[in-house]
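Trainee: Combine the two chains into a complex, taking the hints into account.
These are the residues of each chain, in order.
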Amino acid sequence: MSVDAATVRKIATLARIAIKDEEVPPLVGELNQILDWVEQLGEVDTDGVMPMTSVADITAPLRTDAITDGQKEAAVLHNAPDAREGHFTVPKVVE
Amino acid sequence: MSQLTDLDIAGARDALAKGECSSEELTSAYLEAIDAAKALNAFITVLPGKAIEMAKESDARRKAGEVGALEGIPLAIKDLFCTEGVLTTAASHILDGFTPPYESTVTANLWGQGAVLLGKTNLDEFAMGSSNETSYYGPVRNPWTIDGATDGLVPGGSSGGSAAAVAANLCAGATGTDTGGSIRQPAALTGTVGMKPTYGRCSRWGTIAFASSLDQAGPMTRTVRDAAIMLGAMAGHDPKDSTSIDTPVPDYEASLEGGVKGLTVGVPEEYRVDGMPKEIEDLWHQGIEWLKTQGAEVKTVSLKRTKYALPTYYIVAPAEASSNLARYDGVRYGLRVPGDDITGMYENTRAEGFGAEVKRRILIGTYVLSAGYYDAYYLQAQKVRTLIAQDFADAFTDVDLILTPTAPEPAFGIGSKTDDPLSMYLNDVFTVPASLAGLPGISVPAGMSANGLPLGLQLIGKAFDEETVLRGGYALEQAAGFSGKPSPWWRS
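Going down the list, the sequences are from chains A and B. According to the working numbering, the stretch in the first sequence is residues 1 to 95, in order. According to the working numbering, the stretch in the second sequence is residues 1 to 492, in order.
If you're looking for bench data, these hints aren't it; they were derived computationally from the structure. Among the hints, erroneous ones may be present.
What the hints assert, rightly or not - So the derived label-pair ranges between C-beta atoms look like this:
1) B:Glu297 x A:Ala75: 42 to 48 Å
2) A:Thr64 x B:Thr99: 50 to 56 Å
3) A:Thr64 x B:Ala36: 50 to 56 Å
4) A:Val24 x B:Leu379: 55 to 61 Å
5) A:Thr64 x B:Lys18: 54 to 60 Å
6) B:Gly452 x A:Pro91: 51 to 57 Å
7) B:Lys278 x A:Thr68: 54 to 60 Å
8) B:Asp274 x A:Asp21: 38 to 44 Å
9) A:Asp21 x B:Glu269: 44 to 50 Å
10) A:Ser2 x B:Ala254: 52 to 58 Å
11) B:Gly138 x A:Val94: 16 to 22 Å
12) B:Gly452 x A:Ala75: 22 to 28 Å
13) A:Thr68 x B:Ile342: 18 to 24 Å
By construction, the Cβ of each residue, glycine as well, lies at the ideal position given by its N, Cα and C atoms.
Next comes chain B alone, as it looks inside the complex (with noise of 0.2 Å):
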């Protein structure tokens, strides 16, 4: 064994199991692989106390014979999910010192597995963005960078934080959440395993709300075994979100090995856009033809309203979202700022405590979802997500899966989109279409860009389908080799 922080989830599990390394070793050694990352900026918060605590909890488990799914295993939580008495910020500002006094469901779900919490992870700002770029945190530094260059590069988001994390052995797995693509593209930027599951798979109780038709947990793994452990952790009926659907969680693992054999995927002919880089173009082909080669068929299919999709997406998440973040006033929780009057607090305090990004999110929500405007805009929005989802089901009567890339590029330069909402909402043209019809989808790491930077291949199913996604995820990523990592150039 090199290094305890080498292991992934599926490793560190029958480390633990033979007795070869205590939780309490492996989550120290994941601390201090943390504390020499700062100049990634991947956490917002570290906890050495509780995590050691929790370790030292879980060997005693383990010595009694309990033993979770998860029993021991270090993990990092984006800093979107509430976690107990701990700082829970959604990179904002305005949450300035909310400590929850509950416990987010899924976290609670992977605690009662025996996960220990290393962290919590930086984050866009209430997960709107694609680069993690809108923290107040400060932006997260992709562990990978451009053959001979030093430039920073964005590790995509909003979920960026956590992909970097990940990416930089800093722990065994972390969560993610993904509204449009805030788990797979980042996983795409940054050579991991991004899962989201279909919309009511995982609880979305305690999880800070963004746009609650559209937000889903998730898991960010180095490996696709590892992301079907950690889902089967996640997920699960919630009596307290009445859209968690009341089914039982398959064993994800069990249906890794079942190959592709027999299976027909879709190439969705709507998603060869203009301007799509070559480099991106032949590692969708070379996809194709890993599939081909394992057994799968593989056809043409049509998703006609795919390039609606984007423009949809942000009539619907923004209105929703301008609903939700009401409830930052000043009052209950996080940072108040004096006014006039009460409505002079009210402004100021949403004025100082929300960053740029979010607050052009709430002004286009609040003008769309206003009088005169809601037809035109928010209503028109959710009849063609209706014939988006529609798209989706009629292709899926013929393919049990469909292939397309992640993201239309590899990780781009720090400050590089920022003044152009439109260029930097279009990095999430693959992700979107899926999460408005509420399908799981996974990315996979698949290859290289020409300058050294990871790409991923998504694969989207039916929903409830996680298994089918996972076992075709399994065989692209054992097809593809992908063993790249990044040297550490941020070890301090």
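Isolated chain A (complex conformation) (with noise of 0.2 Å):
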């Protein structure tokens, strides 16, 4: 599998990272050239094999449901590029 230069702006579409037009071939060189490497994988033979999602042989611990935390509103906005009373802002997403 290699990527084409409209694979990679969807895959930067998706990763919401604007790229130049003149980045494009550069970039479907490199991922190639790391995709082309990472194939060998294909050779492992896996079947039966569990997927390791926790490298540590640890059970997830459970605690009391209960609010351990808050009332931090400065804390939480302090360092917003552009906070207003009290909320975060975003450039405007409702017409």
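Mentor: Here it is, written out as structure tokens:
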């Protein structure tokens, strides 16, 4: 499998990264170099092998469903590039 | 005593205990050394005011009889750990001006044991790199140089600033994080000790995430003893990280003197990779001889899927990164670049905020997780990861430790690999397998290359058996007797 210019543009859209026209050809080359190389994993017989979802042999711990934190509006908004009246702002999304 | 900055953690601990110096004096000496080492670019942020204030508080605690395990010891912190009220960048433009309103668990543990924060060290952007060249704040220079040459060498990565700071005596010790080798490889390239503990040993809470199933914090120090002291302070259960293990932290320093007599050390034949430089292979053989001489039994083990570890890593890690880095959207923190609409704002912010390597990995990760490719790439990689972990589990039924080189070559020139992502990735060939299996590993400086650069050997241990790894590392360190230090060309 290899990617073409259209696929690179599609992935960039999915990843929400703007790419300029001149960036596309080098990215096609670099991504294909990496994908060609990882392709070798197809050789490995993985029939009946469970995919690893956690490397640590730990059972997910349970805790009481209780509020332990909160009331930190100022701290939450402190780093926002634009916060007004206790809210994050974004460009207008509703006409 | 020559210079206060010559003291390692254990030495400084003794000097402070005997009253030969105060933490304030020690901290001042390090701040002067940092100030004179700007040419290394090891730090993104230096905190003279905060450091002196913390040192004075430590001196006051000591007078009051409160002495933590790292009381008064000045440390450098990789700028991937959130530090409350202190700029935290992950070496990325996208986190411009980010000052966390909370402290990471690992750093909180260090301050709880009395340590002093000197500053935040440079790294590859979001810890993605093996040379510290992807930093928005510029590359770090390795304090070591090739004999007679002045060309800049990389310190390795991603914890390159921490490694350079330890090698150049700009701190008593430093924190690093290791996802595929980011503590061990820079340690090898700078003649320092770097330890990645078992996944789950240190809390990941408050450490900026790269690949959550792999990321693990660890100490970077001048000696194995210092690594044991620091790890003891960093580790521990944290309810805020559900993957952090709830078992007591052993007294690591007490495990050092055990020696390797009676231990069995495995040598994996598959690590003898094509094109391995002879000096690396020779050092590996020397390591085997050192351990044998000290009474260890050495046997060959097989880790059959070793060659698949790097390609597995370069699917799993970018996939997790593409998900973790989705949070940088120009809304809640850091950089915002305007756009025509909200999607345009996201796309422009991320285009300008992320560097080339980070974008490359996000794109790869997005692709391998996308509809139609998930099974062929991501699911297959997760299955191969299971087999790689199984290979280690099988080997560890026979042996207590596994000995390998840490990196396939000594420090290389700044800019020499930046045009070829794959050749850069290959630098982690010996460190990535243990990361995929979640196992603890240590790199110990063990020798010098023909052109006068440090080389490291790696010991890998069983899960949560950091004690045996440290014990083996200490034995290697004693046998190697590595005492080299770079000449301080950077001092201004």
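Trainee: Would you mind marking each hint as holding or not holding in the structure?
Mentor: Quick rundown of the hints versus the structure:
| no. | hint | verdict |
| --- | --- | --- |
| 1 | B:Glu297 x A:Ala75: 42 to 48 Å | violated, 56 Å |
| 2 | A:Thr64 x B:Thr99: 50 to 56 Å | violated, 32 Å |
| 3 | A:Thr64 x B:Ala36: 50 to 56 Å | holds, 53 Å |
| 4 | A:Val24 x B:Leu379: 55 to 61 Å | violated, 28 Å |
| 5 | A:Thr64 x B:Lys18: 54 to 60 Å | violated, 48 Å |
| 6 | B:Gly452 x A:Pro91: 51 to 57 Å | holds, 56 Å |
| 7 | B:Lys278 x A:Thr68: 54 to 60 Å | holds, 58 Å |
| 8 | B:Asp274 x A:Asp21: 38 to 44 Å | holds, 39 Å |
| 9 | A:Asp21 x B:Glu269: 44 to 50 Å | holds, 49 Å |
| 10 | A:Ser2 x B:Ala254: 52 to 58 Å | holds, 55 Å |
| 11 | B:Gly138 x A:Val94: 16 to 22 Å | violated, 43 Å |
| 12 | B:Gly452 x A:Ala75: 22 to 28 Å | violated, 50 Å |
| 13 | A:Thr68 x B:Ile342: 18 to 24 Å | violated, 33 Å |
Hint compliance for this structure: hints 1, 2, 4, 5, 11, 12, 13 are not met, and every other hint is.
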